[in-house]
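Engineer: The residues making up each chain are set out below.
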Amino acid sequence: MDTIEKQAEQLRRLVWHSRRGMLELDVLLLPFTENHYSALNETDKRVYRRMIDCEDQDLFNWFLEKSKSPDSEIQRIVELVLDNARSH
Amino acid sequence: MPVVIEARISAPKRRAWYLWLATVQGMLLSTLLSWPLTTHLLWLTLPFFGHFFWTADYQAKRIRLALDGVQLWTDRAIERYQWHGEGRLSHAFMKLELSRADGQRLTLILWQASVSAASWRALNMGFRVMQPTLRAAHDRQNLSDGAWAEGSSFFR
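One line per chain: the protein sequences are A and B, in this order. Following our numbering, the numbering of the first sequence begins with 181 at its first residue and continues without gaps. Following our numbering, the numbering of the second sequence begins with 47 at its first residue and continues without gaps.
Incorrect hints may have been included.
What the hints assert, rightly or not - Pair ranges (Cβ atoms, derived):
{"no.": "1", "chain 1": "B", "residue 1": "Ala183", "chain 2": "A", "residue 2": "Arg256", "range": "46 to 52 Å"}
{"no.": "2", "chain 1": "A", "residue 1": "Asp251", "chain 2": "B", "residue 2": "Ile124", "range": "53 to 59 Å"}
{"no.": "3", "chain 1": "A", "residue 1": "Val195", "chain 2": "B", "residue 2": "Arg54", "range": "23 to 29 Å"}
{"no.": "4", "chain 1": "B", "residue 1": "Gln105", "chain 2": "A", "residue 2": "Ala188", "range": "44 to 50 Å"}
{"no.": "5", "chain 1": "A", "residue 1": "Leu220", "chain 2": "B", "residue 2": "Gly115", "range": "22 to 28 Å"}
{"no.": "6", "chain 1": "B", "residue 1": "Glu52", "chain 2": "A", "residue 2": "Cys234", "range": "25 to 31 Å"}
{"no.": "7", "chain 1": "A", "residue 1": "Leu220", "chain 2": "B", "residue 2": "Ala183", "range": "52 to 58 Å"}
{"no.": "8", "chain 1": "B", "residue 1": "Arg61", "chain 2": "A", "residue 2": "Gln187", "range": "49 to 55 Å"}
{"no.": "9", "chain 1": "B", "residue 1": "Arg174", "chain 2": "A", "residue 2": "His197", "range": "30 to 36 Å"}
{"no.": "10", "chain 1": "B", "residue 1": "Trp100", "chain 2": "A", "residue 2": "Glu259", "range": "40 to 46 Å"}
{"no.": "11", "chain 1": "A", "residue 1": "Ser247", "chain 2": "B", "residue 2": "Glu52", "range": "28 to 34 Å"}
{"no.": "12", "chain 1": "B", "residue 1": "Arg108", "chain 2": "A", "residue 2": "Arg229", "range": "57 to 63 Å"}
What the hints assert, rightly or not - Here's a subset of chain B near chain A, in silico, CB distances under 10 Å, partners left out:
{"no.": "13", "residue": "Ile51"}
{"no.": "14", "residue": "Ile55"}
{"no.": "15", "residue": "Ala57"}
{"no.": "16", "residue": "Leu113"}
{"no.": "17", "residue": "Ala164"}
{"no.": "18", "residue": "Arg167"}
{"no.": "19", "residue": "Met171"}
{"no.": "20", "residue": "Met176"}
Claimed, not checked - Every beta carbon over 12 Å from chain A, so not counted as near; a handful from chain B, in silico:
{"no.": "21", "residue": "Leu74"}
{"no.": "22", "residue": "Phe99"}
{"no.": "23", "residue": "Ile124"}
{"no.": "24", "residue": "Lys141"}
{"no.": "25", "residue": "Trp166"}
{"no.": "26", "residue": "Thr179"}
{"no.": "27", "residue": "Leu189"}
Calculated from the structure, these hints are not laboratory results. By construction, the Cβ of each residue, glycine as well, lies at the ideal position given by its N, Cα and C atoms.
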């Protein structure tokens, strides 16, 4: 399997994982994964994948800015997703 | 790319049922308290007043919320409004203060029962994520730098 195929499969898997049990999170995560994930650098992609593995309730609180992630890298990605959702 | 949320709006299904329930309860109460017959009849006006007020509401069939741009589909046309983050969110309804380029204003109330559960949750998230940003942007736009600084010094 070549690199492009691997990347495509990884993206498909991430899109699948972006469909959460909470619809509120789908609204933010799905468009970001589909439209912006590929443009991230390798470090950010790795952190994004770590973020996707977090619990729904934690993600919900971080995205609603009720609390901040204890992991500063994940918090940075949360803010990146929010900035994208709020930009034209 | 902003969050885009689309939802179909329909008349709340249980609205009429709740109105009639309130009417029957009111009439029973009047009977228990032995109020005059005219009081009983007054309760009957409740469903009609309710129906009148609700049909006087703005009737949109669909809404598309994309950051500050709001599109509303009515029977006649697609209307475009701007949302500056003004409004209110409660468990039962969402109120959006909208305006158009020609200065026309609209207060749109979306009842939870008028959209699907999935749409309501998506709209909720959209409202919560977008409101602070839009409100801050609108405030910055309306206040000059000096006024902004002056206003903030008030809270010191």
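Engineer: Mind checking the hinted window 28 to 34 Å against the Cβ distance between A/Ser247 and B/Glu52?
Structural biologist: Because 29 Å falls inside the window, the suggested range holds.
Engineer: Are B/Gln105 and A/Ala188 spaced within 44 to 50 Å by their CB atoms?
Structural biologist: 45 Å, holds
Engineer: Does the closest beta carbon of chain A sit nearer than 10 Å to the beta carbon of B/Leu113?
Structural biologist: OK, holds: B/Leu113 within 10 Å of chain A, min 6 Å.
Engineer: Is B/Phe99 truly not at the interface, in the sense that its beta carbon sits beyond 12 Å from all beta carbons of chain A?
Structural biologist: About 31 Å separates B/Phe99 from the closest Cβ of chain A, which puts it past 12 Å; holds.
Engineer: At a threshold of 10 Å, is the proposed contact between B/Ile51 and chain A supported by beta-carbon distances?
Structural biologist: 6 Å, holds
Engineer: Hey, does the B/Met171 contact hint survive, CB to chain A under 10 Å?
Structural biologist: Check passed: Cβ of B/Met171 comes within 4 Å of chain A, closer than 10 Å.
Engineer: Verify this label for me: B/Trp166 is non-interface relative to chain A, using a Cβ-Cβ cutoff of 12 Å.
Structural biologist: 9 Å, violated
Engineer: Per the hint of 46 to 52 Å, is the separation of the Cβ atoms of B/Ala183 and A/Arg256 within bounds?
Structural biologist: Distance hint for B/Ala183, A/Arg256 is violated at roughly 22 Å.
Engineer: Hey, does B/Thr179 actually stay past 12 Å from chain A on C-beta?
Structural biologist: 5 Å, violated
Engineer: Given B/Ala164 as an interface hint, is the shortest Cβ-Cβ distance to chain A below 10 Å?
Structural biologist: 5 Å, holds
Engineer: Would the hint on B/Ala57 stand, with a C-beta cut-off of 10 Å toward chain A?
Structural biologist: Check failed: Cβ of B/Ala57 comes no nearer than 23 Å to chain A, outside 10 Å.
Engineer: Say whether it holds or is violated: B/Ile124 keeps its Cβ farther than 12 Å from all Cβ of chain A.
Structural biologist: Fine: 20 Å to the nearest Cβ keeps B/Ile124 off the interface.
The structure shown violates the earlier hints numbered 1, 2, 7, 9, 12, 14, 15, 25, 26.
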